[in-house]
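Those protein sequence lines, which keep their order, are chains A and B.
Its first residue numbered 3, the first sequence is counted upward by one per residue in the numbering used here.
Its first residue numbered 3, the second sequence is counted upward by one per residue in the numbering used here.
These are computed hints drawn from the structure, not numbers from a lab.
Honestly, I wouldn't trust all of these hints.
Because identical chains cannot be distinguished in the list, a pair is counted as satisfied if it fits within a single copy or across any two copies.
With a straight-line cut-off of 20 Å between C-alpha atoms, the simulated EDC-like cross-links for lysine to aspartate or glutamate are [as the list claims (entries may be wrong)]: (1) K244 / D297; (2) K244 / D233; (3) K296 / E203; (4) K175 / D261; (5) K36 / E128; (6) K92 / D52.
Now for the letters of each chain:
Number of protein chains: 2
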Amino acid sequence: MSAPRYDVLGIGNAIVDVIARAEDDFLAAQGMHKGGMALIDEARASAIYDAMGPATESSGGSAANTIVGVASFGGRAAFVGKVKDDVLGKAFAHDIRAARVTFDTKPATEGPSTARCYIMVTPDGERTMNTYLGAAQDLKPSDIDEAAVAAAAVVYLEGYLWDPPKAKEAFVKAAEIAHRNNRKVALTLSDSFCVDRYRGEFLDLIRKGTVDIVFANEHELRSLYETADFDSAAKALRGDAKLAVVTRSEKGCVVVTRDGIEAVQAMPIDKVVDVTGAGDLFAAGFLVGHSHGKDHRTSARLGALAAAEVIQHIGARPAVSLKALAAENGLAL
Amino acid sequence: MSAPRYDVLGIGNAIVDVIARAEDDFLAAQGMHKGGMALIDEARASAIYDAMGPATESSGGSAANTIVGVASFGGRAAFVGKVKDDVLGKAFAHDIRAARVTFDTKPATEGPSTARCYIMVTPDGERTMNTYLGAAQDLKPSDIDEAAVAAAAVVYLEGYLWDPPKAKEAFVKAAEIAHRNNRKVALTLSDSFCVDRYRGEFLDLIRKGTVDIVFANEHELRSLYETADFDSAAKALRGDAKLAVVTRSEKGCVVVTRDGIEAVQAMPIDKVVDVTGAGDLFAAGFLVGHSHGKDHRTSARLGALAAAEVIQHIGARPAVSLKALAAENGLAL
């Protein structure tokens, strides 16, 4: 096994976020499930856009946000995801490359437009997402570059990849390449409704060892084991996963290993502005710590630091250098 | 004169802002004049975009920001400006209409793309702008709807309209309609370099009474009278203008009338994040107060309140309801 060229290579849906502030009434009137992610078609996307308030556009996508976080910590990072060669696709490519992430996936030249996620941020800082997958549905196994995956210490995959039909095959191909090259495979469960859609397959991936590191929040964990009780779900996860980290918002997180379950505190903050990207950035911090040989507790603290940064402003990507922020907090890599 | 349908109708360049954080070194390397607005062509726009960091896109344009501010205060507002019917043009139209502004200007179906302003925000909160005018250059006299202008208590025009050749004619047409209907005409001098380009014409507009209300910051005022001395420039303005408001950043503003020069304090704030839109939003507050029959001091305080809100976050448009903010600060309209 040669030295890795990347600390983390992420594969996910390449999405541009369209973010607006909204009141709870708006979510109710639109039949949106607060805090969730709903898949929508183009007609619904158009109807939501017409109804929603003034918006800003910024690059997003769960795994893409994580990878940008890794790069912001100074980690070597690459991303694989499909955009179209339209205005928003060019913006996505610009933003991720400007964040010093290698991004070589060929854009689609025909078919649906670049994916968009319409995000409503309510006054409590919660975000409600509506995703039109568009060109992201075109991600296929041939988009996975074997040499690039083989050169990454960790391949990070989002559960949302189970939604576009061919992306799942790309996911499986990437995991096989990684293990063949003695690299690690990490998975985020993405969303409790996503877990609901693919529970059996996600459990299979974890139990068969296709994934080495699992990221979940407590809602996703409860959905995975179909239980309301956190402790029994965490215990079940301990039996299934080699290493898992479960985030619990302001309660911090727990690191789950065969050795036990260790709690790590969240970073205290003044005010939650927009929780979009909290889980994505937590994963960034943990992965960058892990790939730099830090212990689980230190990696989790790096995750908590990155999550705290991103929820204090609108948008799902860091607004400051996470490398500098880590150094200021005694967590230099 | 019938009762006005709009408190303020604004005419300006319809622009989408592409905003990134940048260090002072970047401005130097790119030969950008910090704090200024440079006009750029498409090739330069492309080069700047390639070089700049991860960006967010949000609707901007000086007069458009002002008009959105007027609407946020609960004022009745309309905007005239030219976009193309492309992705960014549709976003501009969505955002301004979602802010409850009447926007009926027909988009261009051919020619250059929607105007973009590449804005670098440095750590001190200063913004440096590079504007590709694109479709905004297509604004022409036939885009001015006589009935709409006649129905506005105040027509608000940006000095930047002097840059696109036909927009100037549209400006003059709108001012004539307004005065024929006993409405008021307001002008912002926009930028000290813009004043440098059109000093003689701007002085003519003020001295001949084509404009009734002048907005400027101290740099623009000094440029107008080609003097480094604020007091002598203010005195000269007092001789030329019927009513003028000169903003002075943290020093507040002065209201200049034939009766005298009155200073009004700025609103104290914790931290300047991004000064983009400060002047635009000051004008919004002043105009909404003025059109609601408030005295100059109260109008200036409304302006200071709106400017303080917009400089505490990234982006040139208000992030909260200015109507609610005014009420909280004892300035309910």
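Against the structure, the hints come out as follows:
1. K244 / D297: within (15 Å within a copy, 70 Å between copies)
2. K244 / D233: Within one copy only: 17 Å inside a chain, 73 Å across chains, cut-off 20 Å.
3. K296 / E203: neither (30 Å within a copy, 66 Å between copies)
4. K175 / D261: neither (30 Å within a copy, 78 Å between copies)
5. K36 / E128: Result: close within a single copy only, 8 Å intra versus 37 Å inter.
6. K92 / D52: between (24 Å within a copy, 11 Å between copies)
Comparing the model with each numbered hint stated earlier shows that hints 3, 4 do not hold.
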